[in-house]
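Between the sequences and the hints, there should be enough to build the whole structure, so can you do that?
Take the sequence shown: its letters are residues 46 to 343, numbered as in my numbering.
Do not take every clue at face value.
[Stated by the list, open to error] Quick list of simulated restraints, FRET-style, between CB atoms:
no.: 1; residue 1: Glu148; residue 2: Leu98; range: 19 to 29 Å
no.: 2; residue 1: Val327; residue 2: Pro102; range: 29 to 39 Å
no.: 3; residue 1: Ala152; residue 2: Leu119; range: 43 to 53 Å
no.: 4; residue 1: Thr49; residue 2: Ala133; range: 11 to 21 Å
no.: 5; residue 1: Ala152; residue 2: Leu98; range: 44 to 54 Å
no.: 6; residue 1: Leu73; residue 2: Val199; range: 23 to 33 Å
no.: 7; residue 1: Val105; residue 2: Thr291; range: 39 to 49 Å
no.: 8; residue 1: Pro102; residue 2: Glu259; range: 45 to 55 Å
If you are wondering where the hints come from, they were derived from the structure by calculation, not from laboratory data.
Ideal Cβ placement from N, Cα and C applies to all residues, glycine included.
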Amino acid sequence: MHFTALLITLLLDRLRPVAPLEAMLASLRNGLGGLARATWAGEAHNPWLAFVLVALPLAVVEVFLRGLLDGFGLLLDIVVLLLVARVADVLQWADRVARALDEGRDADVASLLGESPLPLPTLPSQAAARGRVTVEVLLLTMHRRLFAPVLWYVLLPGCLGPLLYLLVCLVHEAWTRPDAPPPYSDAARRLLGWADWLPARATALAIAVVGNFEDAVYAWQQQAGNWSVKEEGAILASASGALGSTLGDPRRVTPEFASAGGDETASAVIRSALGLVWRAIVLGFAALLLIGVGRVVG
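This is the structure in structure tokens:
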């Protein structure tokens with residue numbers, strides 16, 4: 046079921062409009078931010094209670110719908126995965142940046158980076174730095190929208206895993222904004238760290254397997270601790286070794302590099318990263334297929 050649901054989801058993802066879903070997710074973020082402020086009263090604050098107030102009803106609704114649909118649980122899984130795995134627009138965005146860099150359209154590159162799936166503190170001006178930031182955003186977004194949700198989809202029953210992971214990501218976005226109460230931002234970072242601990246290492250391992258394995262593992266061991274968010278550090282350090290490029294944290298203002306990696310152009314590094322992502326997706330499909338065959342045989 047996992048293999049079939051994911052295959053159908055990725056096929057539909059290329060056909061469906063993204064804007065309505067993004068608007069709905071933005072409304073959820075605003076609602077979570079309002080919930081944080083509503084449950085804040087002077088020194089009495091309980092971000093964990095606020096999270097449970099959202100997570101528990103979602104889990105109950107998911108279990109209820111699965112029981113109601115009975116044999117049509119696959120349909121519910123596909124609907125949830127479509128909400129979580131919005132990846133076609135990210136891949137197209139990275140490809141458009143690469144084409145604009147190839148053609149020297151600086152204004153278009155700046156505009157595309159301004160539409161980044163992750164908020165950027167500053168827009169780099171050098172082509173090498175623009176390529177580096179694009180690769181970082183691509184890898185982190187694909188992890189959050191596809192690789193991590195799929196792992197939780199396999200580990201937890203039904204579509205509960207992707208649904209709760211999406212909720213944790215939305216809570217993190219809503220509660221780490223400047224206007225959010227401080228205890229809530231700490232709780233949101235801790236929640237995301239717990240939810241990402243295993244998936245981030247699985248993503249880093251997949252990147253190492255489909256890339257330059259020896260260099261990826263070495264970079265992972267040596268550089269993962271340099272990032273403020275350890276889980277993101279594991280992914281980007283592994284990708285740095287796999288691609289032979291220098292990567293950093295796209296959310297922090299960092300010095301611009303003169304080179305995006307060896308003698309490769311910035312657009313070539315982006316295309317190498319896109320190839321890395323597609324190979325990781327194929328590896329994931331192969332793993333899901335083997336798991337499905339194993340269950341049938343067993």
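Here is what the structure says about each hint:
1. For Glu148 and Leu98, the hinted distance range of 19 to 29 Å is not satisfied, since their beta carbons lie about 50 Å from each other.
2. Between Val327 and Pro102 the beta carbons are some 37 Å apart, a value that agrees with the proposed interval 29 to 39 Å.
3. The hinted window of 43 to 53 Å between Ala152 and Leu119 holds, with their beta carbons roughly 45 Å apart.
4. The beta-carbon spacing between Thr49 and Ala133, approximately 19 Å, falls within the hinted interval of 11 to 21 Å.
5. The hint said 44 to 54 Å for the Cβ distance between Ala152 and Leu98, and at roughly 46 Å that hint holds.
6. A beta carbon spacing of about 24 Å between Leu73 and Val199 agrees with the range 23 to 33 Å that was offered as a hint.
7. For Val105 paired with Thr291, a C-beta distance near 47 Å keeps the hint of 39 to 49 Å intact.
8. Between Pro102 and Glu259 the C-beta distance comes to about 47 Å, which sits within the given range of 45 to 55 Å.
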